[in-house]
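Student: What follows is the residue order along each chain.
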Amino acid sequence: MDDFYRDFILDHYRNPRNFGHLEHPSASAEDLNPLCGDTIRMELEIHDGVVRDVRFSGRGCAISQASASILTEELKGMRLEDVAKLSKDIVLENVGIGISPTRMKCATLGLRVAKSAAIGEIAGWPDEE
Amino acid sequence: MIAVRTPEAIAADFPILHKPTSRGKRLVYLDSAATSQKPQAVIDALVTYYTEYNANIHRGVYEIAARATEAFEDARAKIARFINADTREVIWTRNATEAINLVGYSWGLRNVKPGDAILTTQLEHHSNLVPWQLLAEKTGATLRFIPADDRGVLQLEKLDALLDGAKLLAISHVSNTLGTIAPLERIVPIARRAGATILVDGAQGIPHLPVDVRALDVDFYAFSGHKMLGPTGIGVLYGKRALLEAMPPFLAGGDMIRKVEYEHTTFNDLPWKFEAGTSNIADAIGLGVAADYLHDLGMEWVRAHEQELLAYALARLAPLESRGLAIYGPRDAALASGVLSFNFADVHAHDLASILDTEGICVRAGHHCTMPLMEKMGWPATARASFYIYNSRADIDALAEGIEKAARVFKV
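Line by line, the protein sequences are chains A and B.
Residue 129, in our numbering, is where the first sequence stops; the numbers in between run on with no holes.
Residue 412, in our numbering, is where the second sequence stops; the numbers in between run on with no holes.
Since the hints were made in silico from the structure, they are not lab data.
Do not rely on the hints blindly, as some may be mistaken.
Said to hold, decoys possible - If you want the footprint, here are the derived chain A segments under chain B, 3+ residues with CB under 8 Å:
(1) 2-12
(2) 23-37
(3) 78-92
We treat Cβ as the ideally placed atom computed from N, Cα and C, and that holds for glycine.
When you get a sec, could you build the whole thing from the sequences and use the hints?
Tutor: The structure is reproduced here in structure tokens:
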């Protein structure tokens with residue numbers, strides 16, 4: 001688990017990208033990590049079915065915050081239907097090394113919230129699919 | 001009191017403490033406030049029941065059924081001795097939560113009326129808060145809270161006013177999040193004069209402090225077995241006999257009846273009136289053995305040991321405060337049980353717990369089932385180390401070194 005906390009993870013934790021709020025989000029969602037009670041909110045600006053801008057907010061552990069921060073960079077320019085199809089693989093590719101099974105929900109919380117915003121209803125847990 | 005054993009000698013009775021982790025580390029178990037480890041004697045009691053005399057109780061006429069009934073009721077007698085109660089006042093439940101709910105439904109629905117107040121504290125575990133929210137909703141009563149200061153010490157200046165019109169005082173003996181010990185010897189006489197019925201959530205009290213329910217003069221004392229060396233799935237409600245006699249049954253079914261006709265039932269005597277269905281026989285027997293183990297150790301010794309460990313921990317970790325360690329709760333080990341809640345720099349409690357885990361150190365991280373308290377204090381989460389009879393100074397040294405490792409990993 002200690003090999004998870006690499007420099008780029010700590011950088012995203014301490015300097016999260018796309019952190020804050022959009023003035024006029026087209027879609028948004030918010031959810032809670034049942035393990036720790038930490039929350040993540042995702043706001044999307046959508047034009048012609050494509051994510052043009054994104055912001056996330058919330059507070060939590062390095063895993064959930066860094067994972068959400070890295071994800072936001074990838075969401076920009078994605079088609080909504082592709083966001084809806086994202087699996088936990090993207091999270092594992094981004095931050096996967098060293099995550100223990102007990103912390104997978106932390107890592108996939110941001111993805112779950114982004115997918116919920118994209119499809120307009122609560123998405124399932126990516127780590128359980 | 002036989003206070004001659006060292007924590008190291010006590011730890012020898014707990015087989016799990018001698019199994020290395022998957023990384024080959026010594027297990028440093030600092031989460032006894034969540035659940036305690038079990039001594040071999042308790043494990044043996046379960047195995048012996050299932051291998052030698054597994055049978056249902058209060059029914060069978062054959063030898064092993066008689067032996068099971070005797071062991072089950074003997075365990076009740078051990079608990080009664082342990083807390084200085086009458087055996088008829090010891091009701092088996094699944095855990096402290098079920099014991100509290102039993103009082104909420106059976107006593108509460110009959111005695112709490114619209115406009116009454118239910119007084120609790122800002123420190124409560126959800127188990128001693130949510131049942132009273134439900135009772136208030138059902139009865140039209142209102143909830144009130146004894147405030148706690150920034151260190152988690154209860155503020156009693158306005159206790160008289162808070163108790164005015166209160167039908168019930170529901171208070172935890174020891175805070176699971178901060179370890180604060182409620183000064184029951186001060187609070188109970190005031191609540192008595194105000195005419196309130198008094199329930200104590202003893203889940204974190206009875207494992208760590210000497211408890212004499214008669215001396216405390218409380219009406220109900222609820223606790224779980226698994227935090228006091230016993231198995232999971234068994235707990236106790238102590239209630240004063242007159243109160244229990246007047247209360248209607250909580251759950252209905254077998255064993256809690258004397259005579260059943262198609263249209264009508266006469267209920268059994270105490271304590272069985274509140275024990276519907278086949279009880280958790282094995283675990284009750286195991287809990288009796290756990291109570292004996294603690295009794296032999298001496299609860300005065302247990303308390304002194306934990307106080308000494310907490311004082312050592314506060315001193316051992318103090319140098320880390322200049323590097324961002326924040327320690328919550330009372331700074332005086334005399335005011336708290338063996339619980340240390342903390343955060344370190346900008347490392348989230350869950351990340352801290354994960355890094356400690358790589359060193360074999362088990363701590364709890366999160367809101368500790370006290371979300372309103374965490375919100376009031378402004379802590380999103382804390383890490384919590386909690387101590388018990390098998391912990392020694394070496395475990396606290398390991399914790400301090402583990403926090404140093406977190407500092408290195410997070411480049412604090």
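Student: Hint by hint, say whether it matches the structure.
Tutor: Structure-based check of all given hints:
1. Look at the stretch 2-12 of chain A against chain B: 4 of its residues bring a Cβ nearer than 8 Å to a Cβ of that chain, three or more, so the hint holds.
2. Interface restraint, the stretch 23-37 of chain A with chain B: holds (3 residues with C-beta to C-beta distance below 8 Å; minimum three).
3. Using a Cβ-Cβ cut-off of 8 Å, 0 residues of the stretch 78-92 of chain A lie near chain B, which falls short of the minimum of three, so the contact claim is violated.
Hint 3 from the list above is the single one not met by this structure.
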